[in-house]
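Peer 1: Read off the chains here:
Protein chains: 2
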Amino acid sequence: MIYLDNGATSFPKPANTLNAAADAMRNYGFNSGRGGYTASVKTAEKIYSVREKLGDFFNYPTQNIAFTANCTAALNMAIKGSVKKGGHIIISSLEHNAVWRVVNHLKKDGIADFDIAGFSYDDDETVGNFERLIKSRTSAIVCTAASNVFGVALPIGKIGEMAKRHGIRFIVDGAQAAGVMPLDAERDNIDILCAPGHKCLYGLMGTGFIAVRDGVHLETILDGGTGSDSLNPDQPDFLPDRLEAGTLNNIGIISLGAGVDFINSFGMDNIYSRELEHAQRLYDGLSANKNAVLYTKRPEKYKNAPIVSFNFGDYPSEKTAAVLGRRGIAVRAGLHCAPLAHSYFGTVERGTVRLCPSVFTTRQECEFLINTVKKL
Amino acid sequence: MIYLDNGATSFPKPANTLNAAADAMRNYGFNSGRGGYTASVKTAEKIYSVREKLGDFFNYPTQNIAFTANCTAALNMAIKGSVKKGGHIIISSLEHNAVWRVVNHLKKDGIADFDIAGFSYDDDETVGNFERLIKSRTSAIVCTAASNVFGVALPIGKIGEMAKRHGIRFIVDGAQAAGVMPLDAERDNIDILCAPGHKCLYGLMGTGFIAVRDGVHLETILDGGTGSDSLNPDQPDFLPDRLEAGTLNNIGIISLGAGVDFINSFGMDNIYSRELEHAQRLYDGLSANKNAVLYTKRPEKYKNAPIVSFNFGDYPSEKTAAVLGRRGIAVRAGLHCAPLAHSYFGTVERGTVRLCPSVFTTRQECEFLINTVKKL
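Chains A and B are the protein sequences, given in the same order. Numbers given in my numbering equal positions in the first sequence, counted from 1, plus 15. Numbers given in my numbering equal positions in the second sequence, counted from 1, plus 15.
Chain A on its own, in the form it takes in the complex (with noise of 0.2 Å):
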């Protein structure tokens, strides 16, 4: 199998966060914050390494990463708990629905409501988009990093900067860029990260987190046992602990620890441009091909994630992701869950075929694409 869904979760992880797993299956399988034996104790330990390696890595207080389920119980999270009645949010054209139903469930409920910021290619507008929409009771700017469907990125540090002059809370979606492109939260202004595990950072599946900046405060949707303040009705009031209800994914957490590690030794930059490189070269022989359809400038580096969409002559994405299915090609097509991205760039009747490289995607794999979309 040529796996090109890397965008849905990365395939194959890298050995070490296998050997990780399975290391943790056998010495960290106990609840960590709960027990004082030893084995507990260590569990804790290495749990709280991970929190080291991603605080590090991203720029935040080791203590102000809470571990979730995905990225998509993180930006519940970070939006829901970020809004009071009567408050208003912004997002990009470019939002996943973990972003959009969540905004919009806020406003069926009469929470809040929530304008959309157009992407332009032109970083200043695509500032000015948001900064325009700002209301007095704006409570929160929420902006993928990057686009999902068609990999553009959007101007993190530049909107981060706009928000921060404004004191507007800033929530970033890393889903695609969090492990590949540069996120920083004091650079780039970015109040709440939210990411999975298990895309760019190489963990398992069911990981994710929220990273939150000293002194953002937010309101719990997900309360329970914390092991910690245990009188206390309410959820505690410091990090993580506020934001990690009931018993933690070890095992995945441990693997997320050692794919970040990964990222390390090889050097994030150095797997960015190897998977743009890829991408440039799916886009380029797509280029080439006068019945393939695609809809983005060339991928360049720090405007694009590692992802490129397209279709074929007049088909349905999907019937092009399934004749390459049976040539042995990992694809997936349709509106991938965001079909705002698909209004913006003229897609949603079709959706599109979306092609995303890993690091260990080779340069023969993308040709043997190009000359499949060649003979289809």
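Don't read these hints as lab results, they were simulated from the structure. Worth double-checking, as some hints may not be accurate.
Since the list gives no way to pick out one identical chain from another, each pair is judged satisfied if it fits inside one copy or across any two copies.
[Said to hold, decoys possible] Subject to a maximum C-alpha distance of 25 Å in a straight line, what follows is the list of computed SDA-like cross-link-like pairs (lysine to any residue): (1) K123 / S358; (2) K99 / N119; (3) K390 / M16; (4) K100 / I236; (5) K99 / D249; (6) K57 / G343; (7) K61 / E333; (8) K334 / A54; (9) K99 / D124; (10) K123 / G102; (11) K99 / K122; (12) K61 / V338; (13) K334 / S243; (14) K100 / I126; (15) K123 / D252; (16) K316 / T235; (17) K100 / D249; (18) K312 / G172; (19) K312 / R296; (20) K305 / P251; (21) K123 / L233; (22) K318 / N74; (23) K99 / L233; (24) K334 / D256; (25) K61 / G343; (26) K61 / R341.
Since the model is a prediction, treat every value here as computed from it, not as a measurement.
Keeping the supplied structure of chain A fixed, place chain B upon it in accordance with the hints.
Peer 2: For chain B alone, kept in the frame of chain A given last:
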């Protein structure tokens, strides 16, 4: 290590659970329900088979099993999804913070208030205690199947029958019972069952589920991509998609399926009998120790989960657990995230030392615990 903290998470996991996880990492680490390629479809089928196993086990329709990060997430979804503004909830006096903090949050937000029904060793009295608290605006009765601290079981079938008579939704926290004590959607009238996958069901940590009877509608607290109905700004109205936003923990879920297989091959009733014998052995051994303080009646089948709480002399529970820890016995002390239950049994001040055997616990290990406490 003698591990008697299976109430936090079961350890070790059965060999077939670990093998299933290893197999899943190699063969089912793909996003289910999103891709149309073979690996994704096979993964979806595998995940479906786990829904089927759990549905059969607890008597819910297959598609009404939705996977969650843990039991706590499931309880949040069940309770918050069941109440409207002005609602009222009845909980038992033995609830975990996964219930108590949730209803307290609803109260604090002015959405719903709650009352607490006292546990009694007399089942009819317990049922009466719930029934007396019913108001016309009562939205749900929420009840743990067995106390996570003291092991005492609530008469789920009888409470369910009473709830049905009043037309009130019945939500059960199966944290310490699901997989070891009989729970049946239809027989016990359990409208919503919430359970962890990593305790008595022997799956990996990071697993849990919410099982919903046909016709039970839930508002959602976690919204996002479901790989279905993507143009819909709301969560889909069908299960399990409505309750499953974002990427699932495939590895954990598949291990959970193997956990159910393990229980079925052994026979749940055999496991329960074996664990209960251990609990009785521990109880009897400690009863014979004049320095050991016990809080409940002797554990009996169908009246108790296999859990015993005790204290030693006038030691704080943490001190006893620390001493036992140094002798190689892993037990948990403190409030076990359940202050309500401690209020009821008069142990809020020093908590308790909790002993939770699993099917892998041996008679010798129980005797070692008893003898160690003798020599304290």
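Peer 1: Work down the list of hints and note, for each, if the structure agrees.
Peer 2: Results of checking the hints against the structure:
1. K123 / S358: Within one copy only: 21 Å inside a chain, 40 Å across chains, cut-off 25 Å.
2. K99 / N119: Both. Shortest intra-copy (15 Å) and inter-copy (18 Å) distances satisfy the 25 Å Cα cut-off.
3. K390 / M16: within (18 Å within a copy, 62 Å between copies)
4. K100 / I236: For K100 and I236, both the intra-copy (15 Å) and inter-copy (16 Å) Cα distances are at most 25 Å.
5. K99 / D249: Both: 18 Å inside a copy, 20 Å across copies.
6. K57 / G343: between (43 Å within a copy, 14 Å between copies)
7. K61 / E333: between (43 Å within a copy, 22 Å between copies)
8. K334 / A54: Classified as between; 17 Å across copies, 51 Å inside a copy.
9. K99 / D124: both (12 Å within a copy, 11 Å between copies)
10. K123 / G102: both (13 Å within a copy, 19 Å between copies)
11. K99 / K122: both (12 Å within a copy, 16 Å between copies)
12. K61 / V338: Only across copies: K61 and V338 sit 23 Å apart there, 45 Å inside one copy, limit 25 Å.
13. K334 / S243: The answer is between: 17 Å across copies meets 25 Å, while 52 Å in one copy does not.
14. K100 / I126: both (4 Å within a copy, 13 Å between copies)
15. K123 / D252: between (29 Å within a copy, 15 Å between copies)
16. K316 / T235: Classified as neither; 37 Å inside a copy, 38 Å across copies.
17. K100 / D249: both (20 Å within a copy, 20 Å between copies)
18. K312 / G172: within (21 Å within a copy, 62 Å between copies)
19. K312 / R296: Only inside one copy: K312 and R296 sit 13 Å apart there, 71 Å across copies, limit 25 Å.
20. K305 / P251: Neither, since 59 Å and 38 Å both go past 25 Å.
21. K123 / L233: both (21 Å within a copy, 15 Å between copies)
22. K318 / N74: Result: close within a single copy only, 21 Å intra versus 51 Å inter.
23. K99 / L233: Intra 11 Å, inter 22 Å, cutoff 25 Å: intra and inter.
24. K334 / D256: between (46 Å within a copy, 24 Å between copies)
25. K61 / G343: between (39 Å within a copy, 20 Å between copies)
26. K61 / R341: Only across copies: K61 and R341 sit 20 Å apart there, 43 Å inside one copy, limit 25 Å.
The structure is inconsistent with the numbered hints 16 and 20, although it conforms to all the rest.
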